[in-house]
Every structure is written in structure tokens, then in C-alpha cells.
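**Q** Starting from the known structure of chain A, fit chain B with the ligands onto it as the hints suggest.
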Amino acid sequence: MTSRALVEMAALALVVFSVGALWVRLRREKTIESDGGATIQESISAELGRFQRQLLRILTTTDHREIGILYILFGTLAGVWGGIDAMMLRTELLTPPADIWTPETYNALFTTHGLTMLIFFVLPVFFGIANYFIPLLIGADDMAFPRVNAIGFWLLPPALLLVRMGLFVQVGGQFLGLFSPEETIRFFLSLREVGVGWTLYAPLSVQSQNPQLDLLLLGLHLSGISTTVGALNFIVTIVHERGENVTWANLDIFSWNILVTSGLALFAFPLLGSALVMLLLDRNFGTTFFAVEGGGAILWQHLFWFWGHPEVYILFLPATGLMSTILPKFVGRKLFGYRFIVYSTLGLGVLSFGVWAHHMFVTGVDPRIKASFMAVSIAIAVPSAIKVFNWLATMWEGDIRMSAPFMLCAGSISTFIIGGVTGVFLAVIPVDILYHGTYYVVGHFHLIVVGIIPFMMVAASYYWYPLMTGRWYDTRLAKFQAVLMIVGSLVTFMTLLIIGGVGLPRRQAIYPPEYQFANQIATVGAYVIGLSVLLWLYNVVVSYWRGAPVETTDPWNLKATRQFTKEWQWFESRMVAQYGLSPATPSSVRRSFDPSAEPEGLAGGVGSVIQDVSRKASAAAIGGIVGTLLMTGGLGTAVFIDVLDPASFGEIAELVGLPASPVLGSLLFLVGGTVTWPLLFLAFREFLPGRLLFERGLVFSTLIWTGFVVAFYTGQQGLGLVGYLAFGLVAHWSYGLGLTVTFQYLRSRQRAALGGGE
Amino acid sequence: MSRSDDSVLFTYIAPFLGVLLVAVGIAAAVPATYDVIQDDITTCGTPTIAVDSPEETTARFGEDPRPNLTRFAYEDLSEAEQEAFRDALDDAVGESRVDGEFPHYGAFLNGSLVTYEGERHYTTVVAENPCFVAAPLQLPLGVFAIALGGIGILTPPAYRKLVALEEGAE
Ligand code: HEM
Ligand SMILES: [Cu+2]
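Heads up: the sequence lines are chains A and B, in that order. Here my numbering is used: position 159 in the first sequence is 159, and no number is missing along the way. Here my numbering is used: position 58 in the second sequence is 58, and no number is missing along the way.
Read the hints as simulated data drawn from the structure, not as lab findings. Some hints here could point you the wrong way.
[What the hints assert, rightly or not] Computed list of chain B residues with no C-beta within reach of chain A, every gap over 12 Å: (1) S53; (2) T57; (3) R60; (4) E63; (5) T70; (6) S78; (7) G94; (8) H104; (9) L109; (10) G111; (11) E119; (12) E167.
[Claimed, not checked] Now the stretches of chain A that chain B is said to cover, found in silico as 3 or more residues with beta-carbon under 8 Å: (13) 88-101; (14) 692-703; (15) 724-733; (16) 740-747.
[Stated by the list, open to error] Footprint (simulated), chain A over chain B, 3 or more residues, beta carbon under 8 Å: (17) 14-22; (18) 26-37; (19) 71-77; (20) 140-151; (21) 159-166.
A virtual CB, placed ideally from N, CA and C, is assigned to each residue, including glycine.
Isolated chain A (complex conformation) (with noise of 0.2 Å):
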């Protein structure tokens, strides 16, 4: 517990602090620094009244645009803390015994893990996303209750924080214990992140002796009323704030899905209110709604996959309406069964209360009545299937845009299409009653809700970035970032299903050895999943202040397919106000890197021939030694862990006829490396492949590093020998680089003299 504790706070506030840390340095570079006047005294005063200024506006603003972005924020938060809860599980099972974090641990991190994602990310992020832009939408000007909304918002963040309490509470106790004694802290001690599972089953929930529990149960209720609240602001909302020319006949897919998931909240989150209130009775107050003389464990779980269940849709349904909203303007197609699209959504809405009892295929329920929630469960896949088929419809044919919006786009019916159909067998009672426990269910939830609830928040932020902030963000690391995550996840989730189907159990520290190495590729996956969320978060962070600035009314160049909807009317708007644009002009180019555009050719034929090769040899002896140098780290850290000997510098000075001194050896090596190679190289490098010098250079020392293999091997094995490999590979090509890289800037600096005597 001690370490898990400060690992994952630490991990959380190292990731806050960069993003400020950035933000903060980025935020200098813009302003323009008084030269003098204001002493530091006074510009510190006034930065600090700036401060407060923006923190009182922060905190009192009704403005359904600067809600959303809170609600966007504070989700955002949630979702990297859960992640790091992610990161930290999947770091466990890399070794099979629980020897990294204790089994104990492990069970607060699931547990955590589940109920921050679920509650804390993925409402809070679509909440702000629908109210940024469903008043945009439907031409309204605010949400229906602007105040109503910023209270719904500010429940959350002390939600969050009863919720996972334990975590600074062990920290504080751990920090507090460094100076008294243990009784005196106890209260510290005995909290404790709670471990009893997401879905905390009775009656494992009730005898929890962890006071934390308590707390927990009160910080769900408070994200529940927030959650109510929130989603009877935007049924109001969009039932009567729609401008003039939007009906229900061509309200936009998103609003139709915000509305239906808002219906599906207002019914679930009062029912989960009342159940936890049970449970908190019970827990405390001798109540016995969940005691076997009571209402018995099972009723929890009615109760609670009551609301679970349709909870998986409310998360889902506004991904949905994203990718309906989306993916028409990247294939420059308007979207296909538009009316089947809000039928499947209604359908989806009506028949998610009737499947609960899919969770509990293996508790004691009658087992006709099991029958009818399996043929509903079935029944339900068909409004999935219908939207799934309309996406690819619009797909079709359609002038695809690769972009990285479009990638996610692609990326989620994909994933969404592996999910669901591994879905449909887990409702089918046999096959769940074998999977139910094993990581195959992993494997199949993490597909949709990693598949394609991130992916569809990812998206929107590339899709309406330029509006947000009238900026580019920074399009090539969009489009890596999001292959990375759409690989990282397909590797990690499907290994999971694999792992699953041959039935490793879920929710256990500990497993059988033979799981390792696909535990291992797992974990690889999800690294690198968490790698491009962060690469995400670069992304947008920089590019609010340095991305290139939208210099068009219409930057998706949705005109052309005549999908400019309203948001981006209002954006077109306020553009033409701000910066007197005119609509749909299509203005100048951006700037682009471009350095062909340079002249060439000045320093051609200057210099005789002898000149020349002088100035090469010089040139090339300069390169060597800084390649040689470059590369003598490389061999030395190699030598320092031990997986280069180097005795077998000796055997080469003994191949050329010297005493078997490794020093001989290393200096024969270094004349080699700065005489020998690299008249090789110049003589060469116009038959190796590659169109530029360095990736010449490359080519060559790749060659040159199979020799080096062969000559210097003493047998390495296992990590010893990748070691080898590895740091002998890297060498070369730091040896390539330094050579051809230092031998190009002297050319340029020549180059540059001789053309500045001219």
C-alpha cells in the first residue's frame, strides 16, 4: 500500500505539473515583456491580481462555453488519473507473483480504476463537449438554466475528491508518520483506497471495515445529483431552446444523442442515488436492505445493474453521436439513414433497462426469466449493427480525407465492430457463464469504451480545435497520435481477449506463469496507449499558443460538401466580427517548411579539382573523429553494463599482427574510425542506397555494425546478447551521423564563406 500510495500521486502531479509547466512557459513566450518601467515588485503584484481576477470569473461563470471547457478540463484530469490507475495495473502484471504492487493494492487500483473512468472521464468530458456546442447547434443562446449548470459543474471536483480521499490521506499519514508516532495518526492509517471492485458487490461493500468506503458511497451520490442536474439542463435545453429553423426533424445526430442519453441519465441516477443511500444505511446505520434477512446481496446487484447497465450506454450513446456528427465531413459525405440513425438511438435507449440481469447470468435468477434478458441482450445488438452499417454506408464511395479525425473515425468502427460482436457471445448464457470471470470480458468492454469512447473524444478535439482556439493544432503529430493509439489499443485489448478465451481470470495480482510473455505485450500496448494520450496532450496544450492561426472562415472546407452546420456558422460569424474575414474567402497559404525553395548551386564549380578532395579528406578526417567519439559513448556504457568485452579489442590488434593489448586495440579502432571508414564511406557512398548523405551514412555504418558483430562477440546471451546487438547497432549509427552530419556542416559553412566573399 505505502508505495502504490506516493507512485501514483507522484505520477499524477508530475503529469499536472508539466502540462503547467508548459502552459506556463508558453503563456511567457506570448506576452510582450515591458522593457523596464514596472519594477518586478509591481509587475509580480499585477500578474497576481490578474490571477485572482480570473480565478473569481472562473468560479462564478455561467457562460455555457467556459462550462463546457471546465467540464472538459476536470474530465480530462479524471481520465489521466484513472489512466495512471491503468498504467500502474498493467505495470503489476508483468511478472506473474505479486511482487510488484500486493495483491491488495492491486484491488484498489481496479477498483479505482473502474469508477474514476466511468463516473469521473468519460460523463464529464461529454457534458462539456454537448455544452459547448449543442447551444451552437441548435442555435440557442445559452443552456436553459445557465446557473443550474454551473452548479451541476461544481459538484463534481468535491465528488472526485470523496471519492478518492484515501489516496491523500495515505500520502498525508505516510508524511505525517515521518514525524509522529503511530497512534497518534491513526486515523491516517486507517484509511485507505477501497479495493472491493467497481460494482461493489454486497456483501463484501458492507463489511468493509475501510472508512473510505463511506466516503466513496458519498462522493458517487454528489456525481449523481450533478449528473441529474445536468441532464435535465440540457433535455430543457434542447426541447426548447432550438432556434427558429431546427426541428426534430433535422435537429443534428449529436443533440439527438445528448437528448436520449440525458433521458436514460434522469431515470438510472436516481436509482443508483437510492441504492447507495441503502448501502451507506446498512454500512452504517444497522439497516439490513442487503443482509441475508433482508433484501439479501442479490438485491444490489439488481439495483445496481439497474443503473449499470444503461450507465454503459449513457457513455456510449454521445461517442455514437459524435462519429454520426463527424465522420460525414471527413468522406465529404452528408450522413447516410440519418432517421435510422435516431431510431437505433432511441431503440438502444428504451432497450438498455431491459438487459440488467445480463450482468448476473451466473447468480441464482430463475432461469426461464434468464432466457427472455438473453433474447434481449441479443435483441439489442441489431440498433448497434444498424448504426455500424450506416457509418460504413457513408463511408462508401465517399471522397475520404485522411486526417486524424478521420483515422479515430476508422479506428473506432473497428474496434467497435470486434467489441461488439465478442460482445454478443457474452449473451448468450453458456459462453458467459464460462467467460464471465476471465479477461475475455476485459478484453471486450475495453474495446468499446478505450475503442471508442477516447478515440470520439480525440476526434472532436482535432475536428473543432480551430474553432475552440482559432488555431491549427499540429496536424502530422495528430495523425502519428492517432495510429498510436489505435494500434496500442487494438494490441493490448485483443491479447486480452486471447488471454481471456483460454480463460485467465480476471481481477487477480497473481496468475500462472505460462501468461506471461502475453501478459507482457499487453502491458507493451498500453504504454503505449498512455504515450499517446500524452503525445494528445502535447498537442493541444502547444498549439493553443503556437499552432498556426485559422486564417479561413470555413477550415474544413465544408462549404464544398455543403455540410457547413451551424456551429460553424457561428464560428464564421464571430470571425467575420472579430477579424473582419470574409466568409469563405479562401485565404492565403499557410506557410510551410520548404527548403528547396532556397537557391542552389552557388558554390558549384568554385575551387580546383585537388582543392577539392583536400578539402573532402580534411572534411571526412573531422567527421571521423566526431563519429568515433559519438560512437566510443555508445561502446563504452555497452563495456560499463557488461554486455561488451573488452578483451576483444585486444583480439583485434592481435588480428593485425600486434600484442593482445586492448589498448593497442581501442587506438587501432580509433585510426580506423577516422581514416579507414571514411575514405571507404566517400568512395562508396554514391552506390549505397538512400537519397541524402546522412541516410547514406546510415546504410553504411548498418553494414559496417554487421561486421563489428561478428568480429566482437564473446558469447552474450539472453539480455546480454540484445544488449550487445542493441548498443553496438546504436553506436554505428551515431558513428554514421556524426561522420556524414559533420561533414554536410562543413560543406554548408564553406559554402556560406565562399559565397560571402563573392
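**A** Only chain B with the ligands this time, still in chain A's reference frame:
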């Protein structure tokens, strides 16, 4: 126009491999680092034993326990074992960790009867709390992979710089 700007290898493949390497590197380095510091931050290597009260022991085995259980007198136990035994008796759930010499580990693993002040206590190891052991090269290679991966991730801008340099030299 930008003819040299479109190297797929250096714009997409290299950073992709870089991210993979970083991920593998983290997977190797994090547990290995943990291996280094775990002695300071955890109590691994100290198995937990559970000690039943005399009543529980009787309830479990009846008055006449099976003869194949190993038996000890309290005095036979090592110092650390004795201490853990006493702590477990005081403990609310009857468990405690053995911090030190544990010569009777094997016997306790299968369950033993310990006679203490004339009463029999059933005693077992309930958790091994093993320490994590990383391969010796795991940390340096992991760090190396992260560093190399980092370079891979930073390839695209570096590549553009190199291209500019090269074109300046021509
Ligand atoms: C980086 C992406 C993620 C990774 C690597 C990941 C990994 C994991 C792992 C390893 C478990 C524990 C499995 C077990 O021991 O049974 C788990 C459970 C879970 N995850 Fe995730 N997860 C990720 C994202 C998400 C997201 C986005 C959500 C929800 C929106 C989510 C919801 C859940 C839930 C509900 C559980 C079940 C907890 C339980 O068994 O009580 N996860 N995840
Ligand atoms: Cu369900």
C-alpha cells in the same frame, strides 16, 4: 514542392518504432527500478503468518488433531518467529509478518501446531509477500530503450533540420 519532406521512414516509421521502444523500455525499467528501491519502501520478503486461537484450533481439528501436522513448542521457534507469533495473537485478525530468520518456513507453509503456554495454536503462512526480482540487465537496457525511443520520437524535426543542412551544403 517540399520534395524531401515526405520521407515516410523518418516522419512516421521512426517515431512509431520510437514509441514502441519507449513503451518496452518503460515496461522493463519501471519494475527494475522498483527492484532497486523496494527494500526501502516495502516490507517484501517477510511472509505473513496467521495464528489461530486455541478455540479455533479445536474447532478446526477437534480435540485430537491429525498426527501428520508438524508440532512445535513455542520455545523451538526462532526469535523472529516468536515475535511474529506473539504479534499475531494480539492482532485483530490474527496475522503478523515474520521479519527475520524463518527456519520453520517449510513446516508453517503446510500448517503446524505450536504449543504456547500450554495451549495449541494452528499456525500457517498465509501470504508469502515475495520480493520482486528483475534481470540484472533489465534496468540499463530499459533506460537505453527509453532513450533510444526518445530519439526515435524526435526524428521528424531532426530529420527536417538535417535535410535543411544537407541542402545548404549542396
Ligand atoms: C489506457 C487504457 C486502459 C487500460 C490499459 C485499462 C486496463 C484495465 C485493466 C488492466 C483492468 C483490470 C482487469 C482486472 O484485473 O480484472 C481494467 C478494468 C476496468 N477498466 Fe480499464 N483500462 C483502460 C481504460 C479504461 C476506460 C477508458 C474505461 C472506462 C471508460 C475503463 C473501465 C474499466 C472498468 C469498468 C474495469 C473493471 C474494473 C473491475 O473489474 O472492477 N478502462 N482496465
Ligand atoms: Cu449490460
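**Q** The structure should be examined with respect to each hint, and the outcome stated for every one.
**A** So, going through the hints one by one against the coordinates:
No Cβ of chain A approaches the Cβ of S53 of chain B within 12 Å, the least distance being about 20 Å, so the stated non-interface status holds. Separation of T57 of chain B from chain A is adequate, the least Cβ-Cβ distance of about 24 Å exceeding the 12 Å criterion. Interface exclusion of R60 of chain B from chain A stands, the closest Cβ pair being 22 Å apart, more than 12 Å. The Cβ of E63 of chain B sits about 31 Å from the closest Cβ of chain A, beyond the 12 Å cut-off, so the non-interface label holds.
A cut-off of 12 Å between C-beta atoms confirms that T70 of chain B is not in contact with chain A; the least separation is 25 Å. Taking the minimum C-beta to C-beta distance to chain A, about 24 Å, the non-interface status of S78 of chain B holds against the 12 Å cut. No beta-carbon of chain A comes within 12 Å of the beta-carbon of G94 of chain B; the shortest separation is about 15 Å. Non-interface status of H104 of chain B relative to chain A is upheld: no Cβ of that chain comes within 12 Å, the nearest being about 22 Å off.
Every CB of chain A is more than 12 Å from the CB of L109 of chain B (nearest about 15 Å), matching its label as outside the interface. Listed as a non-interface residue, G111 of chain B keeps its Cβ farther than 12 Å from every Cβ of chain A; the least gap is roughly 20 Å. With a least CB separation of 28 Å from chain A, E119 of chain B remains clear of the 12 Å interface cut-off, as annotated. For E167 of chain B, the non-interface assignment is contradicted: its Cβ lies about 5 Å from the closest Cβ of chain A, within the 12 Å cut-off.
Interface restraint, the region 88-101 of chain A with chain B: holds (7 residues with C-beta to C-beta distance below 8 Å; minimum three). Figure legend: the region 692-703 of chain A, annotated as covered by chain B; annotation consistent (3 residues with Cβ-Cβ distances under 8 Å, at least 3 required). Counting residues of the region 724-733 of chain A whose CB falls under 8 Å from any CB of chain B gives 3; the rule of at least 3 is met. Evaluation of the coverage hint for the region 740-747 of chain A: fulfilled, as 4 residues show C-beta separations to chain B shorter than 8 Å, against a requirement of three.
With 5 residues carrying a beta carbon less than 8 Å from a beta carbon of chain A, the region 14-22 of chain B meets the three-residue requirement, and the given coverage holds. Residues of the region 26-37 of chain B with a Cβ under 8 Å from some Cβ of chain A number 5, which satisfies the need for three, so the listed coverage holds. Interface restraint, the region 71-77 of chain B with chain A: violated (0 residues with C-beta to C-beta distance below 8 Å; minimum three). For the region 140-151 of chain B, the stated coverage by chain A is satisfied: 5 residues place a CB nearer than 8 Å to a CB of that chain, which reaches the threshold of 3.
Remark: the region 159-166 of chain B is confirmed as covered by chain A, as 6 of its residues place a Cβ nearer than 8 Å to a Cβ of that chain, reaching the required three.
In terms of the numbered hints stated before, the structure departs from hints 12 and 19, listed from lowest to highest.
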